[in-house]
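J.: What follows is each chain in one-letter form.
2 protein chains.
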Amino acid sequence: MALDGIKALTFDVFGTVVDWRSSVAREINAVAKRKGWTVDGAAVADAWRGLYRPSMDQVARRERPWVNLDVLHRESLEKVLAQFGLRGLDAAELDDLNRAWHRLDPWPDVVAGLTRLKTKFILATLSNGNVSLMVNMAKRAGLPWDAILGAETARHYKPEPETYLSTAAYLDLKPEQCMMVAAHNGDLINASRLGFRTAFVPRPDEHGPGQNRDIKPQAAFDAIATDLLDLARRLGC
Amino acid sequence: MALDGIKALTFDVFGTVVDWRSSVAREINAVAKRKGWTVDGAAVADAWRGLYRPSMDQVARRERPWVNLDVLHRESLEKVLAQFGLRGLDAAELDDLNRAWHRLDPWPDVVAGLTRLKTKFILATLSNGNVSLMVNMAKRAGLPWDAILGAETARHYKPEPETYLSTAAYLDLKPEQCMMVAAHNGDLINASRLGFRTAFVPRPDEHGPGQNRDIKPQAAFDAIATDLLDLARRLGC
Numbered sequence: 118m119a120l121d122g123i124k125a126l127t128f129d130v131f132g133t134v135v136d137w138r139s140s141v142a143r144e145i146n147a148v149a150k151r152k153g154w155t156v157d158g159a160a161v162a163d164a165w166r167g168l169y170r171p172s173m174d175q176v177a178r179r180e181r182p183w184v185n186l187d188v189l190h191r192e193s194l195e196k197v198l199a200q201f202g203l204r205g206l207d208a209a210e211l212d213d214l215n216r217a218w219h220r221l222d223p224w225p226d227v228v229a230g231l232t233r234l235k236t237k238f239i240l241a242t243l244s245n246g247n248v249s250l251m252v253n254m255a256k257r258a259g260l261p262w263d264a265i266l267g268a269e270t271a272r273h274y275k276p277e278p279e280t281y282l283s284t285a286a287y288l289d290l291k292p293e294q295c296m297m298v299a300a301h302n303g304d305l306i307n308a309s310r311l312g313f314r315t316a317f318v319p320r321p322d323e324h325g326p327g328q329n330r331d332i333k334p335q336a337a338f339d340a341i342a343t344d345l346l347d348l349a350r351r352l353g354c
Numbered sequence: 118m119a120l121d122g123i124k125a126l127t128f129d130v131f132g133t134v135v136d137w138r139s140s141v142a143r144e145i146n147a148v149a150k151r152k153g154w155t156v157d158g159a160a161v162a163d164a165w166r167g168l169y170r171p172s173m174d175q176v177a178r179r180e181r182p183w184v185n186l187d188v189l190h191r192e193s194l195e196k197v198l199a200q201f202g203l204r205g206l207d208a209a210e211l212d213d214l215n216r217a218w219h220r221l222d223p224w225p226d227v228v229a230g231l232t233r234l235k236t237k238f239i240l241a242t243l244s245n246g247n248v249s250l251m252v253n254m255a256k257r258a259g260l261p262w263d264a265i266l267g268a269e270t271a272r273h274y275k276p277e278p279e280t281y282l283s284t285a286a287y288l289d290l291k292p293e294q295c296m297m298v299a300a301h302n303g304d305l306i307n308a309s310r311l312g313f314r315t316a317f318v319p320r321p322d323e324h325g326p327g328q329n330r331d332i333k334p335q336a337a338f339d340a341i342a343t344d345l346l347d348l349a350r351r352l353g354c
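Chains A and B supply the protein sequences, listed in that same order.
Heads up: the first sequence runs through residues 118 to 354, numbered per my numbering.
Heads up: the second sequence runs through residues 118 to 354, numbered per my numbering.
Derived from the structure by calculation, the hints contain no laboratory data.
Below, a sample of chain B positions facing chain A; criterion: calculated Cβ distance under 8 Å:
no.: 1; residue: 187
no.: 2; residue: 248
no.: 3; residue: 249
no.: 4; residue: 252
no.: 5; residue: 255
no.: 6; residue: 256
no.: 7; residue: 264
no.: 8; residue: 270
no.: 9; residue: 289
Don't be surprised by glycine CBs; every beta carbon is placed ideally from N, CA and C.
Pulled out of the complex, with its shape left as it was, chain A reads as follows (with noise of 0.2 Å):
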């Protein structure tokens, strides 16, 4: 495993860096209580990021002009109101419910790993999350990055290859001197066709009781590690 050409580190940030089924249900479940809603936050939140794959197809098939993720998450977050007959939010009250997928909680281990990894690694988000949304949950939640990269910078959603070699040329790396960090095996995969190095650090709880998906990896990644701080210890942070 020869990793001594790594320069940067490119994070999926959902599921990878953050529990955003944990932190979506805690919002649902607060608006539910003021609302008099009877509802799981839980299953809210797998709704909602049940459109996210879907909606962001509909911008890579061209069937419509390029909208950050707070666009698709807001036009989502409707529908899925509307699903389980979830009525009474004004317009302000659906931005502040949207602004749900910023104040997303960190896994237990990510500020002490990343804050590692990053006395020897620039650190890149490269993720769908747009911009403002990656830096409003990096200044709440203490994530010590490098840059915001990813799709809104690409003007490429995940799996598109630009995402990927965009962020790649923003930091001035080849593709074989960033190492993809991500909890699920197709990001990984993506990454690894393009170049990039490959860490798979799984989060058997992201989907909650039961999940059944990216337990294990289903390739041969440069690293495998059980969180940030492991993979800390790997690259010799």
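Using the hints, position chain B against chain A.
T.: Here is chain B on its own, set in the frame of chain A:
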């Protein structure tokens, strides 16, 4: 002075945050010593910087496709070395010297000032420097940016309005929620016309002894501070 709606400070970097002239001169002098050149590093730095505006203007006038500042600096370096009659650098040495712009030292107040300002505001670059230049500079100097934005992510050089407006848009902020911080009257006047708040932080030593420009504010800026620590005090950080 109603400054309470400000969410982000957007920074000019060359001159405002870092002392490009002394830093580049130091690197030129080091190369001169190795190569046996007799030359004043500061004079070469001034000449190199002198080609900055004309090189970006070519891009702005669409006389050539977008290229980032590393590319422009590299072209300008070859012209300047020829002008001074300095020979003997191979391509790798030219590339390394070009990256002197990634290794600029901050003014003495900067790290402490930014660290205080970061507790209350989003700190973003709004520079003509490219992303990798800004990231490498920040890693070396310890500049705690929340986001690296500006010319390369806008694909437009200042003073084109897109550079400023794109930076605010990436942060999902209105121009009036952003305060441009710069040592240059022109930069602030341009930002102000687009709705940005403005903070003038003069750097009377930027151009070395006898500097006669940008010593005093030439418009009614929202804040005038002696350095970034003074700005932090004025903004309640």
